[in-house]
Amino acid sequence: MVKVILICLLNVSLYSNIFDNNCMSCHKSSIQLKVFMKRYTLKYSSESKIKDAIFRYLKAPTQNRSIMPFGFIQRWGFKDESLLSDNELKNAINIYYENYNLKQYIK
Amino acid sequence: MWFNILPKNKSVRKTILNVVSIYLITTILLILTLSFIYVDSQKDQLLQSQKQQIDYQAKQLINQLEDLHNGISNNNIMYPELDDIQTAIYDIDKNIIFSTFGEKNIEFDKQYFYLDDNVYFIYKVEPYYLGAAYLIIQKHREYKLVNILVKLAISLFFVILFLIFTSFFLVKILIRPLSDNINLLDKFLKDTTHELNTPIAAILGNIEMLNLENMDEKNKKKINRIRIGAITISSIYDDLSFLILNNKIISKNEILNVSDILYTRVEYFKILSDVKNISFNIDIKDNVMLEIDTLKLSRLFDNLISNAIKYSPPSSTIKITLDDNLFIIEDQGQGMSEDNIKQIFQRYKRFDTTVGGFGIGYNIIHNIIKEYDIDIEIKSEIDVGTKVILTW
Chain A
-18 MVKVILICLL NVSLYSNIFD NNCMSCHKSS IQLKVFMKRY TLKYSSESKI
32 KDAIFRYLKA PTQNRSIMPF GFIQRWGFKD ESLLSDNELK NAINIYYENY
82 NLKQYIK
Chain B
402 MWFNILPKNK SVRKTILNVV SIYLITTILL ILTLSFIYVD SQKDQLLQSQ
452 KQQIDYQAKQ LINQLEDLHN GISNNNIMYP ELDDIQTAIY DIDKNIIFST
502 FGEKNIEFDK QYFYLDDNVY FIYKVEPYYL GAAYLIIQKH REYKLVNILV
552 KLAISLFFVI LFLIFTSFFL VKILIRPLSD NINLLDKFLK DTTHELNTPI
602 AAILGNIEML NLENMDEKNK KKINRIRIGA ITISSIYDDL SFLILNNKII
652 SKNEILNVSD ILYTRVEYFK ILSDVKNISF NIDIKDNVML EIDTLKLSRL
702 FDNLISNAIK YSPPSSTIKI TLDDNLFIIE DQGQGMSEDN IKQIFQRYKR
752 FDTTVGGFGI GYNIIHNIIK EYDIDIEIKS EIDVGTKVIL TW
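Line by line, the protein sequences give chains A and B.
Residue numbers for the first sequence follow the numbering used here, so the first one is -18 and each next one is one higher.
Residue numbers for the second sequence follow the numbering used here, so the first one is 402 and each next one is one higher.
Okay, chain A solo, but in the shape it has when bound (with noise of 0.2 Å):
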């Protein structure tokens, strides 16, 4: 018992490290990702479609995938391309799923 949960906290904090490493390192800012899953839910509304288009853009980024308004790509450009692998990608985007989903938030 104490070994499953020893390693579903090493998943975790494996996992949360990922995020971590790869998301946070540039984005710092809670609130730019907050903005982010907001066009994000806008346009695409459920957890799928989100997961799959952040996925989808993350992979490959342009001008039609990306959420952002033509004035932002503009000054601040594309990101590079994910290096991360597709299963450790989507980790990541679970994880910024679950920290910063709307619907947590409603009460």
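Hints listed in this document are in silico derivations from the structure and should not be mistaken for laboratory results.
There may be inaccurate statements among the hints.
25 Å max Cα-Cα, derived DSS-like pairs, lysine-lysine [as the list claims (entries may be wrong)]:
| # | chain 1 | residue 1 | chain 2 | residue 2 |
| --- | --- | --- | --- | --- |
| 1 | A | K19 | B | K788 |
| 2 | B | K743 | B | K671 |
| 3 | B | K511 | A | K30 |
| 4 | A | K24 | B | K495 |
| 5 | A | K30 | B | K505 |
| 6 | A | K24 | B | K540 |
| 7 | A | K84 | B | K495 |
| 8 | A | K24 | B | K460 |
| 9 | B | K525 | A | K71 |
| 10 | A | K88 | B | K505 |
| 11 | A | K32 | B | K495 |
| 12 | A | K19 | B | K525 |
| 13 | A | K84 | B | K788 |
| 14 | A | K84 | B | K525 |
| 15 | A | K84 | B | K505 |
| 16 | B | K743 | B | K720 |
| 17 | B | K460 | A | K88 |
| 18 | A | K88 | B | K540 |
| 19 | B | K720 | A | K32 |
| 20 | A | K19 | A | K40 |
| 21 | A | K40 | A | K60 |
| 22 | B | K495 | A | K30 |
| 23 | B | K623 | A | K24 |
| 24 | B | K671 | B | K495 |
Only a predicted model underlies this, so the values are computations on that prediction, with no experimental measurement involved.
Given chain A's structure and the hints, the job is docking chain B onto it.
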């Protein structure tokens, strides 16, 4: 019972009941059709008035969702609540985001649907504020179809009750002239029949008392014609009085010698058959016994024999057979079609108006054989003749 308001005459009673039934059925059908149209329109009207209000509230709610979506800064979003409605939001994959009425089976492909005592209105939201692609509004049903139907059924019950009473009186008023005429005819027949009895008896009695031997041939013929006429009238009188009194006399059944009675009746009609030169071919077994009323047995034979004479051509033969449990009378008359045979027992039904009569003979026969469980078989062929077989 209210049924007693109907006249006693069977045919008038039947007519009234038929007319009233048709009147009631058509009126009730009309009322039901109108009721359904009314219920439908009421349902629609109520829903429309409800929907207008809900549409407005939905717009307000979507605006509030937009404000909430755009204004997220802290970690709490207070979902808007409205006074008299419950709401829910679902994402594009139809997963619940938030609901104030719990989880329900939402029929997303409809604009509205009913569940329990509520009506649910479905609105599509775009863009997806807070991820909401569908906004569901639950509103307590302001009406229940059952309530409307119950109210309608109660009203219908009283309307129909009223209709039944009014229709009976209405038909009774409408049919009164007809009913009066029938009663008048009945009374006339009863009076006439009664008044005929004495003179017929007097004529027949006095003819029998006449000493024909002292008369010349010419007068004998005249007397004979008078006798034939009197016998014919007497036979009609017997039939009419039998019909009129049929339901009022109780049968006095006794074991009778049918053979003797049949001989008497054939003899009685001999004078009529002689006029048309019709001969009888008689094969009567002696002492055939049957428990029956004398008057009814006489009426049965009289009608069968007089009919055979009436429809037989001159110089033909009528064959009469009597055996245990069997009576056959066969003529060489004009015969009847299958259709005519089917209608033969109807009162006043006559197929040949060139010969005399009221069309009551076979009706009387029918009444008697029905009472005594006597089977009748009529075999007839056009222009060949008719054979009537009675078995008991």
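The hints, checked one at a time:
1. A:K19 - B:K788: 105 Å, violated
2. B:K743 - B:K671: Violated, at roughly 30 Å.
3. B:K511 - A:K30: 24 Å, holds
4. A:K24 - B:K495: 15 Å, holds
5. A:K30 - B:K505: The given pair, whose Cα atoms are some 23 Å apart, holds under the 25 Å limit.
6. A:K24 - B:K540: 29 Å, violated
7. A:K84 - B:K495: 14 Å, holds
8. A:K24 - B:K460: Roughly 19 Å separates the two Cα atoms, so the pair holds.
9. B:K525 - A:K71: Violated, because 30 Å separates the two Cα atoms, which is more than 25 Å.
10. A:K88 - B:K505: Cα-Cα ~19 Å, so holds.
11. A:K32 - B:K495: 16 Å, holds
12. A:K19 - B:K525: Distance of about 19 Å is within 25 Å: holds.
13. A:K84 - B:K788: 100 Å, violated
14. A:K84 - B:K525: 18 Å, holds
15. A:K84 - B:K505: Distance of about 19 Å is within 25 Å: holds.
16. B:K743 - B:K720: Holds - the C-alpha atoms of K720 (chain B) and K743 (chain B) are around 23 Å apart, at most 25 Å.
17. B:K460 - A:K88: 21 Å, holds
18. A:K88 - B:K540: This hinted pair holds, its Cα atoms lying about 21 Å apart.
19. B:K720 - A:K32: 110 Å, violated
20. A:K19 - A:K40: The given pair, whose Cα atoms are some 21 Å apart, holds under the 25 Å limit.
21. A:K40 - A:K60: 10 Å, holds
22. B:K495 - A:K30: At roughly 12 Å apart (the allowed maximum being 25 Å), K30 (chain A) and K495 (chain B) satisfy the hint.
23. B:K623 - A:K24: Not satisfied, since the Cα-Cα distance of roughly 123 Å exceeds 25 Å.
24. B:K671 - B:K495: 103 Å, violated
Of the numbered hints stated above, those contradicted by the structure are hints 1, 2, 6, 9, 13, 19, 23, 24, listed in ascending order.
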